[in-house]
Amino acid sequence: MKLLVPVKRVIDYKVNIRVASDGSGVELANVKMSMNPFDEIAVEEAIRLREAGLASEIIAVSIGPAQAGETIRTALAMGADRGILVKCEGNVEPLGVAKILQKIVAAEAPGLVILGKQAIDDDCNQTGQMLAGLLGWAQGTFASKLELEDGALKLTREVDGGLQTLFLTLPAVITTDLRLNEPRYASLPNIMKAKRKPVDEKTPQDYGVDTTARLEVLETKQPEARKAGIIVENTAELVERLKNEAGVI
Amino acid sequence: MAILILGEHDNSHLNEATSRTLSAALEIGNDVDILIAGEDCAAVAGAAAKLNGVRKVLLCQSPLYAHMQAENMAALLSPLMADYETFVTAATANGKNIAPRLAALLDIQQISEITTVLARDTFERPIYAGNAIQNVRSAQEKNVITIRTTAFAPAEAGADAPVEILAVGEDTGLARFVGEELSQSDRPELSSAKIVISGGRGMGSAANFDMLERIADKLGAAVGASRAAVDAGYVSNEYQVGQTGKMVAPELYIAVGISGAIQHLAGMKESRIIVAINKDEDAPIFQIADYGLVADLFTVLPELEELL
Ligand SMILES: Cc1cc2nc3c(=O)[nH]c(=O)nc-3n(C[C@H](O)[C@H](O)[C@H](O)COP(=O)(O)OP(=O)(O)OC[C@H]3O[C@@H](n4cnc5c(N)ncnc54)[C@H](O)[C@@H]3O)c2cc1C
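Chains A and B, in that order, are what the protein sequence lines are.
Going letter by letter, the first sequence gives residues 1 to 249 in our numbering.
Going letter by letter, the second sequence gives residues 1001 to 1308 in our numbering.
Read the hints as simulated data drawn from the structure, not as lab findings.
Among the hints, erroneous ones may be present.
[Unchecked claim] Footprint (simulated), chain A over chain B, 3 or more residues, beta carbon under 8 Å:
#	segment
1	1070 to 1076
2	1098 to 1110
3	1123 to 1134
4	1224 to 1238
5	1242 to 1256
6	1266 to 1278
7	1286 to 1297
The beta carbon of each residue, even a glycine, is placed where N, CA and C say it ideally should be.
The following block holds chain A by itself, in its conformation from the complex (with noise of 0.2 Å):
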């Protein structure tokens, strides 16, 4: 069985973002950029499953600019198998992004496609849930584990009261949740490795898809701000100010 896991290149988590003054967006110029972290843990769990012998083949794919080939590099050196980089410019929505995995999942015909539950830049949690829409396939998304036994897939999910378990017919899409599994680093040598891993490059015009935006971004500014209180000596003064300044409790 073959697994496809898209990765996307987005600014790093540890970096403190700073919105562009004129409002046009987030800047990007000489920013530390990063696989998205739930990427990594779809990345994990695809390689997990072929040494389990459960899966034959991963590729990866990223849709963005010519650098998001270094995010295919990364899967590539992580484990991946080989890559397909989807160049365009500008931000595709998630809705375009599953129109061209769409493509993708009928020409390479894999078994599962494994992505992240959302990408931490625009925060959408959408692409999974839409790329099964469009394949009328089932989805397990917020995976928190993952079982492949027979030809069925057991899957466990984060959801608001806990836990919930189901089996899915496959193929399925899945999105992981933080508990799946903790990323490997990349070893030196895989690093040298992965850069003899064939990577394909298309357009979206190579599927035939249109990625022009539906939803026009009028404006990006800065949230309010909080300003820090007061440090109080203990916590008897705390209990009284919750009482009688704040009336909180």
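Starting from the known structure of chain A, fit chain B with the ligand onto it as the hints suggest.
For chain B with the ligand alone, coordinates are given in the frame of chain A:
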């Protein structure tokens, strides 16, 4: 044209997230219907019909919807949307699971977790863990929207809208429910509690969370946690507050042994009063706290329990 809300419930109670969603929907338009889909959930439909501003409630009962799985829910919703211009649901685990699938079936780019309705087609939504706010306008004929419930007040009850029975939709047969492990607690729900007390890695163990629970019981508060506390196994996943966990905005949020990473702040910085208890005076949490106490939590928590 009309707006359809997908109601959030557990087959016996209507979740407050739905009345908050209704408030948001009424800012978008007037003709707002609520769909209650589930198993033996007529009482939930009755509760939804009482919310002020609802035009009618659609009730669809079948074991197919008992756990609101996305495949069958989207199959039910997609044909219904012929009569609606906008679909709105709360950004709960169910809403996040179902809405994008529906959006794709309708060829719509969803707008996730809006916090303000600026106009019928224009919304504010946070990006980058709330470190930037976008104003987005949709030129689409129809929209699929999820609501950040902490940004909208619950609608009042008092009305008596009609309840219409809806035929059961297609069974996609794609996913089968096996079971669930839900936390049993008499405390208020984390997302809607008036007071939340959360523990982080500094709590040190699952057993130490008992101290927070005892204080929570005195305050009528919900207990939350940072990702680090969940990852360490001190508490289970449904406690996680943050960018990729639950969003909370209580009257009082008490962060104990939490450093204040942006991913955590994203989930709680809209709280009215924030208290931070941390032994590291440089912890970033103090930059947004109304009241900070630089001290060892193992000294403070017993005192707090005593004084409350
Ligand atoms: C993709 C992604 C998503 C994430 N999503 C979330 C999310 O939704 N929610 C979330 O919370 N995090 C999230 N994180 C993790 C986040 O980046 C931080 O790692 C996490 O919030 C840290 O948790 P913490 O503050 O409990 O731990 P730490 O940062 O380790 O802080 C522990 C604090 O406890 C204090 N302390 C220790 N002992 C004591 C004591 N005895 N008395 C008083 N104080 C003490 C320390 O001074 C320290 O400040 C995410 C990260 C990533 C990469």
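Against the structure, the hints come out as follows:
1. 1070 to 1076: holds (count 3)
2. 1098 to 1110: holds (count 12)
3. 1123 to 1134: With 9 residues close enough to chain A, the hint holds.
4. 1224 to 1238: With 6 residues close enough to chain A, the hint holds.
5. 1242 to 1256: holds (count 5)
6. 1266 to 1278: Satisfied; 5 residues make the cut.
7. 1286 to 1297: Satisfied; 10 residues make the cut.
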